[in-house]
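**Q** Sequence:
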Amino acid sequence: MKSVAFHNLGCKVNGYEMDYMQQIMQEKGYRIVPFDEKADIYIINTCTVTNIADRKSRQMLHRAKKRNPEAVVVAVGCYVQAGKEDALKDVSIDLAIGNNRKKDLIPILEEFLANREKDKTLSETACKTLQGRTIIDIGRTDEYEAMELCCTAEHTRAFIKVQDGCNQFCSYCIIPYARGRIRSREMQDVVEEVGRLSRNGYREVVLTGIHLSSYGMTKGNDFSESRLLELIEHVQQQEGIERIRLGSLEPRIITEEFVNRLSECSKLCPHFHLSLQSGCDGVLERMNRKYSTEEYYEKVCILRKYFDNPAITTDVIVGFPGETQEEFEETKAFLQKIGFYEMHIFKYSKRKGTVAADMEGQIPEAEKTLRSNELLRLEGEMSRKYRETHLHKQTEVLFEEEKTINGKKYQIGHTREYIRAACRTEENLSGQIVKGVLTDFPEADILLFQPQTH
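Position 209 of the sequence shown, counted from 1, bears residue number 209 in my numbering, the numbering being contiguous throughout.
By construction, these hints were calculated from the structure, which means they are not laboratory data.
Cβ atoms here follow ideal geometry from the backbone N, Cα and C, with glycine treated the same way.
You may find that some hints are simply not true.
Claimed, not checked - No more than 30 Å apart at the CA atoms, straight line, and that leaves these computed lysine-lysine pairs for DSS-like:
no., residue 1, residue 2
1, K368, K409
2, K393, K368
3, K38, K28
4, K290, K305
5, K350, K332
6, K103, K2
7, K305, K352
Stated by the list, open to error - Between beta-carbon pairs, the in silico distance windows are:
no., residue 1, residue 2, range
8, T453, G139, 56 to 66 Å
9, E233, E367, 38 to 48 Å
10, Q394, E367, 23 to 33 Å
11, T324, K352, 18 to 28 Å
12, T453, E186, 40 to 50 Å
Generate coordinates for the entire structure from the input sequences, incorporating the hints supplied.
**A** Structure, rendered in structure tokens:
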């Protein structure tokens, strides 16, 4: 029985796909071992969203080959898809598999192994022969890669991939070239998977995709065509599932009608990740983002109209080409105006193959770091302020794991708003939803939870 070690890089969609690859390898009889152990086969699910992600992907591939030079090192996913030529030249990679072929991992791998078994000197030739079928022209396919899970790496929350690809072509982003155009999973397949996961004990599902707001769209960029709301309403009907979360949303999908109907879905968690990237209209235009700050603010107001104090999170890029100090200050002021629960702050990373990589006015790394640190401080202040609004109010927590804080054991979970909470108890609460109140801050990013007494 051959041993296989997996390592995942990147987004929740990648995580879902890795769970699937691990599942089918186990079903086929392969023995799964930790990545830091010696294995016969290493499978690295790569990311290419930034140059740093590329570097991490290469590092993990090289680390695997160094750990066991005789092992078969398999690179799959976005780094391979976007950088095919570089991947095929890398001596640490024995087999490269692009996107939309992960479901075929086993037949591709076993064909490679069979060729290598005949003559180990043929391994490079075998890889070259396979590459035409393992790295497709992703921009020309409309096939949604079908995968089905019965369990995931997490024990209480299941991420479910429902959509792939992106048609937005933001000037800084390589993902449309790595993931292709928008494609969606059949609604019935999603509903059946949710039911299966529910029967296996999962209480919460997270609907995710590369561009989730495009779910169900077949052409154009008119978000009125999206069937995401219909999908949520179908998942809402599944017994056993008590919480539904959404991945990142495109601001333009937020309308009065959309949010009004969302608010009627009792299982939907009031936690919305609404992608922003910049709080300056000039920068948004250079990024090829298709909304203004005024429009974005209106969308936030709609969410707050229909949901009581929802958690609103976002992504922000600092140091985009040409971003002046004045434009940065505009962004900072806009972020304060919105009052986000959490922000993911990214320093702009020059990505070969994108429009922004050739723009004038590239910002020095030291200046990007200063701006990033300033927004990280602001993020900490706003995040604590939002958490404080939930102190001493009735809430419910889905518990997920145990953690030791200051030498004491706590059960850790999240509220519906995705506020991290800790309960001091010896009882194992994993998988349970418990009502109570948040009372204090044992750590900066966590609140103390006091269960409701009867």
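**Q** With reference to the structure, classify each hint as holding or not holding.
**A** Results of checking the hints against the structure:
{"no.": "1", "hint": "K368 to K409", "result": "violated (39 Å)"}
{"no.": "2", "hint": "K393 to K368", "result": "violated (39 Å)"}
{"no.": "3", "hint": "K38 to K28", "result": "holds (20 Å)"}
{"no.": "4", "hint": "K290 to K305", "result": "holds (23 Å)"}
{"no.": "5", "hint": "K350 to K332", "result": "holds (22 Å)"}
{"no.": "6", "hint": "K103 to K2", "result": "holds (19 Å)"}
{"no.": "7", "hint": "K305 to K352", "result": "violated (41 Å)"}
{"no.": "8", "hint": "T453 to G139: 56 to 66 Å", "result": "holds (59 Å)"}
{"no.": "9", "hint": "E233 to E367: 38 to 48 Å", "result": "holds (47 Å)"}
{"no.": "10", "hint": "Q394 to E367: 23 to 33 Å", "result": "violated (46 Å)"}
{"no.": "11", "hint": "T324 to K352: 18 to 28 Å", "result": "holds (25 Å)"}
{"no.": "12", "hint": "T453 to E186: 40 to 50 Å", "result": "holds (46 Å)"}
Consistency note: the structure conflicts with the earlier hints numbered 1, 2, 7 and 10.
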